[in-house]
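Trainee: Here's the letter readout for the chains.
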Amino acid sequence: MTTPTRPSLDDPALTIALEHAGIFEPIPMARTERQQEFYTLGDGEMLLNMGPQHPSTHGVLRVVLKISGEQVVDLDPVLGYLHRGVEKIAENSDFHHIISQLDPLEYISSLFCEWSPVMSFEKLLDVQVPRRAEYIRVLTGELNRIASHMLFLGWYALDLGGITPILWSFAERDEIMEMLAAVTGAKLLFNYFRIGGVNGDLNHEFMSRLGDWMGRAGAQLEAGMGLLNENEIFVRRARGLGVLDRETALRMCTTGPNLRASGVPFDIRRAHPYSVYPELEFDIPTRNEGDSLARYLLRMDEVRQSLRIIDQCLHQMPDGPIMARLPRLLRPRPGRAYSAVEGPRGQYSCYAMSDGTDQPFRLRIHDPSFLHLQLVGLLMPGNLIADTMAIMASLDPVMGGVDK
Amino acid sequence: MVSAYWNRLSLGSRAILVLVPVLLVVGAVLTVAAALLLGPLLDFINANLPLGRFVLAATALIVITIPIAFLIIYMELKVIAAINLRVGPDRVGPFGALMSVVHGLKVLSKEDFTPLGVDVPIFTLAPIVVFASIPLTLLVIPFAPGLYGQDFNLALLYFFAIGGMSVVGLMMAGWASFNKYSLLGALRAAAQAISYELPLTLSVVGIIILAGTMSLNSIVHQQAGSLFDWNIWKQPLGFIIFFIAATAEANRTPLDMTEADQELVAGFATEYSGMRFGFFFFAEYVNVFVVSALSAVLFFGGWNAPFDWPFPVTVSLDPGGLGLGLIFLIALAPVVGTIILGLPFWLLSSRISTLRALVTGFVLFNLLIVAAFFGWAFVSAAWVSGLVWMMLKTFVFVFIFVQMRGTLPRVRVDQLMSFAWKWLLPASLLNIFVTATAVSILANR
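Sequence lines, in order, name chains A and B. Taking our numbering, the leading residue of the first sequence gets 1, the next gets one more, and so forth. Taking our numbering, the leading residue of the second sequence gets 1, the next gets one more, and so forth.
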């Protein structure tokens, strides 16, 4: 039996076969000037495809990097692998159903994805939410914020090559998720907020778990952070990496921790207060450096503030109903309503239009991850391949929200 | 009638029925052949003793890499699990100890895939080149007095030269893989090897100046004595440089640029699968062992004990002089020992049956004999105690490597390079300068 001889790489027939097999990525036909510019290779440059199945692209982002040696010259993010058309789905489901459809947007902090549309529907319907329900929303929301930031800490360290912090932070995150599961019934996609209140009152399991956890949370979170904050390798890699200055941050519509790390103390909880945040005492941490380290440290400061808020919520929690009295079928008057909440990644906002039926005429969802992902085009060029994922992780986008 | 009998047999019985006569015939033939050829064979081995020793050592070193790699993989799984607040493997074998064996079997049973477009001969050879350099470096390391592959005056130079050969294999893998990530990983490997071979080699020049030889065996002999005769006290800076550079040389976190999985998927090994990938994996772990062993040999006294045994032990057991006592030992000691050791169990607990107590006693007796044998070997045979000390020291360093992987993030590639050229290289030159000056001053005084 003879083995078939392999043709050499110079063989045009092999080139065609490889292209057919998809090994040589055919360069797409340039549709815009920008594409033309990007796919024209200079001297010593090459294209490197990262994702959608790369180990550290945070979901299914694909980035085509134009590299010269190890240095990234230019990049082209390719989005849409998680696109579900959620805004269109929302137009065809009634107001109660929409909430569960919006949960998987930012699956890491899904309470905030529910919160802003629920608030806008309440504005459309002129519903007064009971105070206990508002306190429960703040309490569970801040827990979810801590869980999200814990996940950020773990992923960020993992993208820099540290394998332990993610497991340490997951221990805390898992405890929070168990708590939220006790009160909401689900561990990731909670589907908990309702128009006019929340789905269930705080129960014994939640309260006992929360009481246990609050007693040791501070010390344990500090221990997890100490693993990175005092690590010379980590600090040297993160400091001065992907510096986002104040003007650029404002110009690129950055919100949330990424904006505050660039020195702008803008927090919707204080700037446009909603829910019961005016009654609670907390600071808005800001940092002026605007680099990856500042973004990381700022999130850790936010965790401390969230612990403060949770503590106050537990002390000030009023008695009373958790749902406003509402008809089963909701038909708001025709009109528009806008609402925004401060999520762990920035401003989640929602613009709802109603034409008087039980389904919204249009639901526009503003997601911070999409805008933050735009920043990678500004921050990455000039850095090394090793830093591309570190910069992207420090911006903390979630692909579910980007692709919607 | 024969076939009916045959059909009633189980598979194992059939195998025994067939194999026993076959083995008898083969054994008889071999015995006759040995009787005829043993004399000339022994003469040949006696005539070519160095060659025989080399072949034996090379074979032994290739074979011992397997348990060493399994042990280090298991250690890494368990230690990193402990650091990560996990349990780690605990299903296969006691405390999951057979996990790495299962890993090996898994790798063996996977498809050995050759992607389209790779340069097949180089792609196939690369893992072999990477793996082959490791037992070759083990060849010069003295594990115990008299227990080494080869000892010659250029051993250290040979070690670094052969150790650098694995980079050639990595380059081959990266280039032949027809993958951009592999290529980047391979180029990083080459750049890193060039940057870190220099401080690695220069950091041990201080020891060469002190020892006056590059033979590892003589270096170990010169560190004989107690803890304070080890080279670490004379060359602390050299050891720090050596250890950092060795981390890079073994491609371990935080300096594992070549296979940074968050950046380059799996670096040079991206396109490999099955046992070819297994070879890279294997080589990495054995390399950790080799580097740790060299640290122990150069700086921590090799097989020398850290302290002299505080009280003299002389075991003068001459079996031939025992006479009737020997018969007693062989025939009666197991029985008496079993009964004596099993008696407490039988007496103290009514729930233990007589048979069980006897079995427990027998097991305990055997354990005692094994322990006594090893204790006797440790005390009376220099190579046993030497091997034990050497392995202890080596695995302390292996543990440090594993722990570093559990705790530290990865250094960026440009920081890696600038650290090598701006800090390690000048520091190692300074180390050479200070050592040479001190040696010449002390010699002239």
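Please keep in mind that the hints were generated in silico from the structure rather than gathered at the bench. Glycine included, every Cβ here is placed at the ideal spot set by N, Cα and C. It cannot be assumed that every hint is accurate.
What the hints assert, rightly or not - One side of the interface only, derived from the structure: several residues of chain B facing chain A at Cβ under 8 Å:
| id | residue |
| --- | --- |
| 1 | 254 |
| 2 | 407 |
| 3 | 414 |
| 4 | 417 |
| 5 | 435 |
| 6 | 439 |
| 7 | 442 |
Trainee: Confirm or reject each hint.
Mentor: Outcome of the hint check:
1. Among the interface hints, the one on residue 254 of chain B holds; its C-beta lies about 6 Å from the nearest C-beta in chain A, closer than the 8 Å criterion.
2. Because the closest C-beta pair between residue 407 of chain B and chain A is about 6 Å apart, less than 8 Å, the hint holds.
3. The closest approach between the C-beta of residue 414 of chain B and any C-beta of chain A is roughly 6 Å, which is under the 8 Å cut-off, so the hint is satisfied.
4. Against a cut-off of 8 Å between C-beta atoms, the interface hint on residue 417 of chain B is violated, since the closest Cβ of chain A lies about 10 Å away.
5. Nearest Cβ of chain A to the Cβ of residue 435 of chain B: about 28 Å, over the 8 Å cut. The hint is violated.
6. Interface hint status for residue 439 of chain B: violated, as the beta-carbon distance to the closest one in chain A is roughly 34 Å, over 8 Å.
7. Because the smallest distance between the Cβ of residue 442 of chain B and any Cβ of chain A comes to about 37 Å, over 8 Å, the interface hint for this residue is violated.
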